[in-house]
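Asker: Here is what each chain is made of, one letter per residue.
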Amino acid sequence: MTKTYSEINEKIRNGNVVVLTAEEMIDFVDEHGVKVAADEIDVVTTGTFGPMCSSGAFLNFGNTDPPIKFEHLWLNDVHAYHGNAAVDCYIGCTRMADISPFEYGGGHVIEDLVSGKPIRLKGNSYTTDCYPLAEVDTEFTIDDINQAILCNPRNGYQRYVCAVNSSEKTIYTYMGKLLPNFGNAHYAGAGSLSPLSNDPDYETIGLGTRIFLGGGIGYVIGEGTQHSPSNRFGTLFLKGNLKQMTPEYLRGVTYEKYGTSMFVGVGIPIPILNEGLAKKTAISDENLLTDVVDYGVPRRDRPKLRQVTYKELKSGSIELNGKKIKCSSLSSLFHSRKIAETLKNWILNGNFLLNPPAETLPTDTIFKTMKLTSELKFVKDLKKDAEICYEDCDVKIVAEKIVRKNTNHIVIIDREHTLKGIVTSFDITKAIAEDKHELNEIITKRVFTTKDNEPISNAARKMKINKISALPVIDDERKVVGIITSEELM
Amino acid sequence: MTVINVTLPFGLIKKVDDYSKIINVILEQHISVNILKFSTGRSGINLLLDIPEDKINSITEALKKNDIIVNKKGRVIIDIDLCIDCGACVSLCPTDALHMDEKGLLEYSLERCLGCGLCIDACPRSAIEET
Numbered sequence: 000m001t002k003t004y005s006e007i008n009e010k011i012r013n014g015n016v017v018v019l020t021a022e023e024m025i026d027f028v029d030e031h032g033v034k035v036a037a038d039e040i041d042v043v044t045t046g047t048f049g050p051m052c053s054s055g056a057f058l059n060f061g062n063t064d065p066p067i068k069f070e071h072l073w074l075n076d077v078h079a080y081h082g083n084a085a086v087d088c089y090i091g092c093t094r095m096a097d098i099s100p101f102e103y104g105g106g107h108v109i110e111d112l113v114s115g116k117p118i119r120l121k122g123n124s125y126t127t128d129c130y131p132l133a134e135v136d137t138e139f140t141i142d143d144i145n146q147a148i149l150c151n152p153r154n155g156y157q158r159y160v161c162a163v164n165s166s167e168k169t170i171y172t173y174m175g176k177l178l179p180n181f182g183n184a185h186y187a188g189a190g191s192l193s194p195l196s197n198d199p200d201y202e203t204i205g206l207g208t209r210i211f212l213g214g215g216i217g218y219v220i221g222e223g224t225q226h227s228p229s230n231r232f233g234t235l236f237l238k239g240n241l242k243q244m245t246p247e248y249l250r251g252v253t254y255e256k257y258g259t260s261m262f263v264g265v266g267i268p269i270p271i272l273n274e275g276l277a278k279k280t281a282i283s284d285e286n287l288l289t290d291v292v293d294y295g296v297p298r299r300d301r302p303k304l305r306q307v308t309y310k311e312l313k314s315g316s317i318e319l320n321g322k323k324i325k326c327s328s329l330s331s332l333f334h335s336r337k338i339a340e341t342l343k344n345w346i347l348n349g350n351f352l353l354n355p356p357a358e359t360l361p362t363d364t365i366f367k368t369m370k371l372t373s374e375l376k377f378v379k380d381l382k383k384d385a386e387i388c389y390e391d392c393d394v395k396i397v398a399e400k401i402v403r404k405n406t407n408h409i410v411i412i413d414r415e416h417t418l419k420g421i422v423t424s425f426d427i428t429k430a431i432a433e434d435k436h437e438l439n440e441i442i443t444k445r446v447f448t449t450k451d452n453e454p455i456s457n458a459a460r461k462m463k464i465n466k467i468s469a470l471p472v473i474d475d476e477r478k479v480v481g482i483i484t485s486e487e488l489m
Numbered sequence: 000m001t002v003i004n005v006t007l008p009f010g011l012i013k014k015v016d017d018y019s020k021i022i023n024v025i026l027e028q029h030i031s032v033n034i035l036k037f038s039t040g041r042s043g044i045n046l047l048l049d050i051p052e053d054k055i056n057s058i059t060e061a062l063k064k065n066d067i068i069v070n071k072k073g074r075v076i077i078d079i080d081l082c083i084d085c086g087a088c089v090s091l092c093p094t095d096a097l098h099m100d101e102k103g104l105l106e107y108s109l110e111r112c113l114g115c116g117l118c119i120d121a122c123p124r125s126a127i128e129e130t
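Line by line, the protein sequences are chains A and B. Residue 489 is where the first sequence ends in numbering that gives the first Met the number 0, and the numbering goes up by one at each step. Residue 130 is where the second sequence ends in numbering that gives the first Met the number 0, and the numbering goes up by one at each step.
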């Protein structure tokens with residue numbers, strides 16, 4: 000049997016609509032089968048609550064007297080984007096405060112705004128004949144401004160990867176804190192509760208779909224940026240009136256050493272128009288797959304280590320290389336469930352009607368990478384021959400070589416050419432000052448290294464973070480194949 | 000391996016060598032040990048140690064005999080008003096002191112927490128504080 004949107008809406012108005020959350024639908028279909036489910040269930044509600052970096056809000060403050068046309072403006076010290084008309088702006092959630100970056104950002108401004116807290120607005124202008132005011136410094140709340148529109152270019156990823164770290168140090172990423180040597184794993188998304196997982200062919204979710212957004216009502220206004228349906232990484236462009244939303248579902252967050260973002264609560268109703276949708280909305284975590292990806296490799300195409308189901312992810316640990324590693328979510332399952340439940344109640348109470356999309360989302364676009372006009376440089380392109388000494392040689396010989404070769408770094412190797420350490424001209428100076436004669440006493444043995452195929456920018460970051468001026472280039476057997484110094488990078 | 004949190008009270012430190020008392024007591028057991036964290040607390044020197052699971056009893060006994068405190072009580076405070084039950088801290092907790100209950104709400108077990116502090120900078124809401 001098939002149903003139409005108007006038939007479902009009629010039932011909502013009459014108070015006899017049957018709504019289940021996506022989790023409840025799994026059990027229902029399991030027990031009664033797809034056919035009965037398609038007959039009896041009218042709507043399945045979904046929900047997700049997780050960090051969504053491509054989020055922000057358009058605000059309009061109204062005009063001052065004399066009027067100002069903002070050139071730059073800050074909300075609680077967070078720089079907002081001003082490239083629109085005089086007193087419009089866009090506050091993005093990943094923009095960090097000038098004064099306390101990594102603590103407070105655009106997402107926090109939006110949370111504070113929705114909470115009704117006063118926001119400090121500072122702005123300036125180059126002034127024009129029609130906009131003569133040069134500066135504004137004021138405070139406002141959400142009730143004082145004309146429009147506050149949440150407008151998120153990319154929300155509600157269909158699924159997301161599970162992140163691990165193969166490297167030897169803890170890394171701080173947008174996937175949270177990842178311990179070295181595969182010490183833990185993080186995933187995102189609500190699995191079987193995720194909106195797009197329940198409508199994977201975008202039959203009902205499209206332009207104009209009315210949704211739960213941030214505790215209020217919002218709309219899908221098209222495909223999200225980087226929408227990649229061909230490999231099931233669909234995304235959504237969402238908007239909604241911020242004035243109706245609640246801070247419970249819009250939370251500013253900070254990921255250590257990564258930056259700020261915002262948790263956004265999204266819930267989408269899926270009308271069960273036919274058996275196909277009944278079957279699709281009954282998808283369980285066991286059948287939702289994603290990749291375990293190594294974030295220890297700082298490249299665009301990070302190694303995919305294995306496929307994993309959301310069931311395994313939600314179990315608290317995943318298996319990798321025969322070892323169990325602790326795994327946790329970055330999205331809140333509790334709040335995702337609460338969103339699906341809230342949306343269900345809105346529909347049951349007759350407060351929320353469903354509408355067909357004016358246009359469906361593209362099903363064949365692919366996610367392209369950035370076109371670069373300059374070629375990416377690798378360590379092998381810029382490295383030079385390393386000046387080397389054997390580990391058993393005298394400090395004086397090292398010193399002589401530094402002078403003769405006019406260099407600051409001598410790489411110390413054994414007879415097999417394996418890296419043993421590094422000595423700098425400063426180490427030699429120190430040796431003289433401290434009256435040390437053994438190479439062993441002055442050599443730095445724990446050396447940061449690089450490899451031929453590492454992009455130059457990654458090697459440069461390694462030097463900057465560790466405050467060093469050179470990296471020996473080694474091969475997979477730790478044999479020295481060159482050196483790269485800050486001089487080559489300049 | 001299992002993790003223990005031990006404190007060497009300042010009162011026991013009379014001379015420089017006393018600082019290594021904890022390690023010396025453990026080394027007498029002829030085992031290898033990982034020092035996960037070293038910190039100076041209010042009452043003494045804290046060490047967070049990773050030790051072989053089967054040696055936990057003998058090590059605890061030996062430490063206590065030397066007046067070294069083996070801590071079992073919780074060391075972090077979670078601000079539940081700030082917490083959004085995301086779970087970003089859970090995978091970092093070596094003792095499952097931080098875990099999700101069946102509903103998906105964060106649960107913190109004071110008894111299991113060793114105060115390693117690995118969770119603190121993993122919290123996107125800055126809701127975890129060391130005590």
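Hints in this document: simulated from the structure, not taken from any laboratory. In this text, a Cβ means the ideal position worked out from N, Cα and C, and glycines have one as well. Wrong hints could be hidden among the right ones.
Calculated pairs, PhoX-like style, for lysine-lysine (alpha carbon to alpha carbon, straight line, at most 25 Å) [as the list claims (entries may be wrong)]:
1. A:Lys450 to A:Lys303
2. B:Lys102 to A:Lys337
3. A:Lys404 to A:Lys379
4. A:Lys429 to A:Lys379
5. B:Lys102 to A:Lys256
6. A:Lys450 to A:Lys429
7. A:Lys325 to B:Lys14
8. A:Lys450 to A:Lys466
9. B:Lys36 to A:Lys323
10. A:Lys325 to B:Lys63
11. B:Lys102 to A:Lys325
12. B:Lys54 to A:Lys310
13. A:Lys323 to A:Lys310
14. A:Lys313 to B:Lys54
15. A:Lys322 to B:Lys64
16. A:Lys323 to B:Lys54
17. B:Lys102 to A:Lys168
18. A:Lys463 to A:Lys383
19. A:Lys444 to B:Lys36
20. A:Lys310 to A:Lys379
21. A:Lys10 to A:Lys68
22. B:Lys63 to A:Lys323
23. A:Lys242 to A:Lys256
24. A:Lys313 to A:Lys325
25. A:Lys450 to A:Lys461
26. B:Lys102 to A:Lys466
27. A:Lys168 to A:Lys404
28. A:Lys379 to A:Lys168
29. A:Lys10 to A:Lys337
30. A:Lys376 to A:Lys400
31. A:Lys379 to A:Lys478
32. A:Lys404 to A:Lys303
33. A:Lys404 to A:Lys367
Per the computed footprint, the stretches of chain A lying under chain B, defined by three or more beta-carbons under 8 Å from a beta-carbon of chain B, are [stated by the list, open to error]:
34. 176 to 186
35. 245 to 253
36. 441 to 450
Chain B stretches covered by chain A per the calculated footprint, using a threshold of three residues with CB under 8 Å from any CB of chain A [to be verified]:
37. 14 to 27
38. 42 to 50
39. 60 to 69
40. 117 to 126
Asker: Next, verify each hint and record whether it holds.
Answerer: For each hint, the structure was consulted:
1. A:Lys450 to A:Lys303: Distance of about 21 Å is within 25 Å: holds.
2. B:Lys102 to A:Lys337: holds (10 Å)
3. A:Lys404 to A:Lys379: holds (21 Å)
4. A:Lys429 to A:Lys379: violated (32 Å)
5. B:Lys102 to A:Lys256: violated (30 Å)
6. A:Lys450 to A:Lys429: Judged against 25 Å, a Cα distance of about 29 Å means the pair is violated.
7. A:Lys325 to B:Lys14: violated (42 Å)
8. A:Lys450 to A:Lys466: holds (19 Å)
9. B:Lys36 to A:Lys323: holds (24 Å)
10. A:Lys325 to B:Lys63: Status violated; Cα separation ~32 Å.
11. B:Lys102 to A:Lys325: holds (19 Å)
12. B:Lys54 to A:Lys310: violated (35 Å)
13. A:Lys323 to A:Lys310: It holds: about 15 Å lies between the C-alpha atoms, which stays within 25 Å.
14. A:Lys313 to B:Lys54: violated (33 Å)
15. A:Lys322 to B:Lys64: Violated, at about 37 Å.
16. A:Lys323 to B:Lys54: Status holds; Cα separation ~23 Å.
17. B:Lys102 to A:Lys168: violated (33 Å)
18. A:Lys463 to A:Lys383: holds (19 Å)
19. A:Lys444 to B:Lys36: Cα-Cα ~23 Å, so holds.
20. A:Lys310 to A:Lys379: The given pair, whose Cα atoms are some 43 Å apart, is violated under the 25 Å limit.
21. A:Lys10 to A:Lys68: Given that 25 Å is the threshold and the Cα spacing comes to 50 Å, the pair is violated.
22. B:Lys63 to A:Lys323: violated (33 Å)
23. A:Lys242 to A:Lys256: violated (32 Å)
24. A:Lys313 to A:Lys325: holds (10 Å)
25. A:Lys450 to A:Lys461: holds (12 Å)
26. B:Lys102 to A:Lys466: Outside the cut-off at roughly 46 Å; violated.
27. A:Lys168 to A:Lys404: With Cα atoms ~34 Å apart, Lys168 (chain A) and Lys404 (chain A) exceed 25 Å; violated.
28. A:Lys379 to A:Lys168: holds (24 Å)
29. A:Lys10 to A:Lys337: Distance of about 23 Å is within 25 Å: holds.
30. A:Lys376 to A:Lys400: Roughly 30 Å between the alpha carbons, so the hint for Lys376 (chain A) and Lys400 (chain A) is violated.
31. A:Lys379 to A:Lys478: holds (15 Å)
32. A:Lys404 to A:Lys303: Answer violated: Lys404 (chain A) to Lys303 (chain A) is near 44 Å, above 25 Å.
33. A:Lys404 to A:Lys367: Roughly 47 Å between the alpha carbons, so the hint for Lys404 (chain A) and Lys367 (chain A) is violated.
34. 176 to 186: holds (count 5)
35. 245 to 253: It holds: at least three residues are needed, and the segment 245 to 253 of chain A offers 3 whose Cβ sits within less than 8 Å of chain B.
36. 441 to 450: Contact hint for the segment 441 to 450 of chain A vs chain B: violated, 0 residues under 8 Å.
37. 14 to 27: violated (count 0)
38. 42 to 50: violated (count 0)
39. 60 to 69: Answer violated; 0 residues pass the 8 Å Cβ test.
40. 117 to 126: Check passed, 6 qualifying residues.
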